[in-house]
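Peer 1: The task is simple: from the sequences and hints, build the whole structure.
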Amino acid sequence: MFDFYFDLPLWFRLVLQGTIVILVLFPLAAACSMAERKISAWIQGRPGPNRTIPPFLAWIPGINIIRNLGLFQLAADGGKFTFKEDPVPGNVNKFYFILAPILAMIPALSTISFVPFGAYFKTLADGTRELTPIILANTDVGLLAVFAVSSLGVYALILAGWASNSKYPFLGGVRASAQLISYELSMTLSILPIFLWINAPGGEGTLSLFNVVQTQSQVGFLGGMWYIFLMPVSALVFLVALFAETNRQPFDMPESESDLVGGFHTEYGAFKWSLFFVAEYAHMIVGSGIFCLLFLGGWNPLPWVSLADLVNFGAGFLPIIAAPLVMGLLAITLFLLKVGFFIFFFMWVRWTLPRFRYDQVMNLGWKKLLPLSIANLIFYAVAIAVKDLYFPNL
Amino acid sequence: MPTDYAFPDSAAKAAAATEAPEFQTEKMSLAMGPSHPSTHGVLRLSLELDGEMVTKCDPVLGYLHRGDEKIAENMTYNQFVPYTDRLDYLAPLANNAAYAIAVEKLANLTVPPRCQAIRVITSEMARISAHLLGLGAYGIDVGAWSVFLYTFTEREKLYKLFEELTGARFTTSYSRIGGLARDVPEGWNANVDAFCDQFLPILEEILKLLTRNKIFMDRTIGVGVISKEDAISYGLTGPNLRGSGVDFDLRKAKPYSGYEQHDFDIPVGSKGDCYDRYLCRGEEMRQSVRIIKQAIKTFPGGDWYAKDAVRIFAPRKDKVLTSMEELINNFMIVTEGPQMPAGEVYFEAENPKGALGFFIVSKGGGVPYRMKIRGPSFCNLSILPKVCQGNLVSDVVSILGSLDFVMGECDR
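Those protein sequences? They're chains A and B, same order as listed. Numbering of the first sequence is given in this note's numbering, commencing with residue 1 and proceeding in unit increments. Numbering of the second sequence is given in this note's numbering, commencing with residue 1 and proceeding in unit increments.
Treat each hint with caution, since some may be false.
Partial list, derived from the structure: chain B residues whose beta carbon lies under 7 Å from chain A [unchecked claim]:
id	residue
1	V42
2	E73
3	L149
4	T211
5	F216
Simulated from the structure, these hints should not be mistaken for lab results. Even for Gly, the Cβ is constructed at its ideal location relative to N, Cα and C.
Peer 2: Structure below.
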């Protein structure tokens, strides 16, 4: 059906795929801002934005549902941010001031290329079927590339804080650099046990996120187990570090609007400000996605139930399920559901908990999370060695 | 171009710089306010920072100065009542009552028990309303947004009751010298009682979000500690004084308006940090509910204004239109003001923010010769330079929120 697509040149396909993913991710991140407003409203017992509607659409029956969801408000906000005057304050370093929001968007959007968000059965030339990830760049360095690119995001905050030539953004930028760098350590250390586990001697040796999901979809008790059950401490440390890395409450030191006004983006407005805003949500989406892939079995519906098995089973009754398009959409839906839950969790925490103080964030990162993740790493390294030596068949 | 300005302490600065040059970092001055999300109005703190550490804190006041004290000299006693709304604009009913009681003390006038009871109920409602806002704003200061919305839902119910009573939600102007603007409407007491009943569980729910919250405790415990001695010597009053462990409440120490008839406890802190001040406010709201419920239970009948004070409290409208003497009195009170004897008086009432005092000098007639207002927020803020020093910028926000000031009353 889509064979003509594979006849297109590779570079064209890649550009097309990349554009499509970005065109999905960018509005999705923007939609998160509306979700944030709606969820905060729900938590605080108020309706949230529910009034905006274009007059020429008001006659459509049932359109009030969309109006109450605030989707038109989202469009209005987007329009406002795009078209309003975009001032650059005097005395700022113009080049870096404009560069900062762009630098914020680039890592936020490009990390998605290493994140698989589904899988489908591809029929090979010899008739066998192979589970193939839906991913822009299925590289072996997978997660390493994600970390490498996403850690560039801190430059945006530092540059924004520095280039603004104002005191509150400056403090915000300083806080951002210290916080992001210190939590990256525990974040990386916390997921090492997973790769020790799947790259144990005899394994194939890869950092690909697709393989992480594959190792959670095997048969057997340990084979089908999600890593959140196998390595709960890793999951906890990773989740906390994820909060800090995405600058979400209770770790939103760089912003902390009650003491630093707006933190690093105090001097920004209009489209440049919204780029920071969307970048934060894009980071959240990608971060939640990685958490789901690492610890929650990616697109597998339940622990010990892998999607591939389920589709093979279902295809016995309804062959269309195994079709690449149907299965791919099914996998993406399951994956997005899990990601959506985490986005909700991020917002739930944001509107419930107070904010840490800057030195408390540092204490938590260096004195609690880092030793915990190191101890966790050593524990699993020993445990995996013991398992390989004495219980190789477990 | 090199600057050749000579600062008076440049020699001292240079000496300090040569002493330990490797540890000398440039200090940063940071203007926090007057438009800043956490300075609750128009307070400006001129901070000197070493990194994020505050080395010096200078409160700059006066951005909201309106000259209320001078204004008072140019109008009759009753005409000043609306200005008291704008002192602590979070508890206008309490200000109204405090001002009226002060002037009545000047006239040596006692109001009937019903009037006293209404003033107690309204003052305590105002206290709940003010503490709720303080609590919500404190929540925002430390980053817990939802608390603010929850407290505002409750304040909305209170405002509805205020509107039923006074016709205004915010600027109530309810007191008159020698009485009130009007009696309580029918069924209003029952409504207040119903509010109290549903309010207590909600208050517990709101406080539960913060009281044992680890992050909130980290942010407040041991931060901004004010010792007992400091609290007294800086003239702190209200929950800020009691948070430091001083058991002093004007409602108990110098009862007025019939507070002595009511049974309530004064919460007192132990350490004097932000957390203690927060706990004190929470408990005061529970005690206010207790007072309101007692006052409603023993709500007296009879007059709601001092009937014998014919030269002070304007007669009822129906009398004015039918009787010559009342018409003359009404005319005189409206044009000349309530007739006061010559003398001086000072009265303090326990307002939500602390002791709101009125010092009135009268030379007779209907206009004060001089009025001095003691704004509790003003005195409470005087401790800021001492408390903020050595804390982080985020702590300053936490301290400001726990001092719970209102600039309207601070600058007057």
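Peer 1: Could you run down the list of hints and mark each one as holding or not?
Peer 2: Okay, the hints, checked on the actual structure:
1. V42: violated (15 Å)
2. E73: violated (40 Å)
3. L149: At about 4 Å, which falls below the 7 Å cut-off, the nearest Cβ of chain A leaves the hint on B:L149 intact, so it holds.
4. T211: Not OK, violated: B:T211 not within 7 Å of chain A, min 12 Å.
5. F216: holds (5 Å)
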